[in-house]
Amino acid sequence: MPIRVTLDRILLERRMSLTELCDRVGITLANLSILKTGKAKAVRFTTLEALCRELGCQPGDLLHYIDEEEAKKDAAE
Amino acid sequence: MLRTIGRGSLSEALRAVLWIARFVCLLLVALMGVLAATAIFAYATGGASMPGVLIEVLSPAHLVLPGILIAAGGFFVAYFIVDRLTRIFATLAAGDPFVHENAEHLRAIWVAMVAFELARYAVAAGMALLRQIVLETGDAASAGEIKADVWLVEPVIWFAILVIAVLAEVFREGARLRDEQKLTI
Chain G
1 MPIRVTLDRI LLERRMSLTE LCDRVGITLA NLSILKTGKA KAVRFTTLEA
51 LCRELGCQPG DLLHYIDEEE AKKDAAE
Chain D
1 MLRTIGRGSL SEALRAVLWI ARFVCLLLVA LMGVLAATAI FAYATGGASM
51 PGVLIEVLSP AHLVLPGILI AAGGFFVAYF IVDRLTRIFA TLAAGDPFVH
101 ENAEHLRAIW VAMVAFELAR YAVAAGMALL RQIVLETGDA ASAGEIKADV
151 WLVEPVIWFA ILVIAVLAEV FREGARLRDE QKLTI
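Note that the protein sequences, when read in sequence, are chains G and D.
The numbering of the first sequence is the numbering used here, which starts it at 1 and goes up by one.
The numbering of the second sequence is the numbering used here, which starts it at 1 and goes up by one.
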């Protein structure tokens, strides 16, 4: 998918664990893992709002558009 | 209010009925197999060591045997369809109908129905040919016993086939949407 989720990078910058983020936003660890690994098909606005609020960032910091070729490389990795 | 899907619902009751129907179909297939084998044995041996009643039921073999084989085929198709329906109803009773397997079961059902309809036309054409051959031998009484008028196109069956084909695609789309819903965070 040509949308890359950069949740891991932001978590690293904030020195926050995925488990801590789960507790703060009220999303299960399994669902956040799906989001973090780029396997999610869609993100609800309410989820995005909770993530931006707890991480102190903008939606654009979490989601990046990449071209098809790069997306294929990402999927292969 | 009567629940239609899930535990203790109408689906669960229908599933039990289908399970019984599946068993009955299987029994009928087996019975037709035994009758066919007996008819072949009677034809081959001239019925030397068989009870008179059985010989009477199974003669003339050239007319009875095709009928038994057609019935066996029909019961087998019925078993196949009921078996697939039983599996679909198992998912309904579990409260989770939109799975990819159900789309495949419905597709198998409509393909089986098409195959059976086409086979029915082929058999009817064969019977008409057989009647002509028997007529040419001068045995008008036997020729009269051969039914060849079963190849009328049944609009209801073809309509049902089309409806099931559409439903198969509905289930496929439903399963796709469910998968997408699962991956919506």
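Quick caveat, the hints were computed from the structure, so don't treat them as lab data.
Computed from a prediction, not measured in an experiment: that's the story for all the values here.
Hints may be right or wrong, so weigh each one.
The following label-pair restraints were derived from C-beta to C-beta distances [as the list claims (entries may be wrong)]: (1) Met16(G) x Ala16(D): 49 to 55 Å; (2) Leu48(G) x Val114(D): 55 to 61 Å; (3) Val156(D) x Asp67(G): 50 to 56 Å; (4) Leu12(G) x Val17(D): 33 to 39 Å; (5) Arg3(D) x Phe45(G): 29 to 35 Å; (6) Cys57(G) x Gly174(D): 49 to 55 Å; (7) Phe159(D) x Lys41(G): 52 to 58 Å; (8) Val114(D) x Gln58(G): 55 to 61 Å; (9) Ala160(D) x Met16(G): 45 to 51 Å; (10) Val163(D) x Gly26(G): 40 to 46 Å.
Heads up, the beta-carbon is just placed ideally off N, CA and C, and yes, glycines get one too.
Evaluation of the provided hints:
1. Here the CB-CB span from Met16(G) to Ala16(D) is close to 53 Å, well matched to the stated 49 to 55 Å.
2. A C-beta distance of roughly 48 Å is found between Leu48(G) and Val114(D), which places it outside the suggested range of 55 to 61 Å.
3. For Val156(D) paired with Asp67(G), a C-beta distance near 54 Å keeps the hint of 50 to 56 Å intact.
4. Between Leu12(G) and Val17(D), the C-beta spacing of about 59 Å breaks the proposed range 33 to 39 Å.
5. Arg3(D) and Phe45(G) have their C-beta atoms about 34 Å apart, which keeps the hinted 29 to 35 Å range intact.
6. Distance hint for Cys57(G) and Gly174(D): a CB-CB separation of about 36 Å, inconsistent with the stated range 49 to 55 Å.
7. At about 36 Å, the CB distance of Phe159(D) to Lys41(G) disagrees with the hint of 52 to 58 Å.
8. At roughly 56 Å, the beta carbons of Val114(D) and Gln58(G) sit within the given window of 55 to 61 Å.
9. Against the hinted window of 45 to 51 Å, the Cβ-Cβ separation of Ala160(D) and Met16(G) comes to about 58 Å, which falls outside the hint.
10. Distance hint check: the CB atoms of Val163(D) and Gly26(G) are about 44 Å apart, consistent with the given range 40 to 46 Å.
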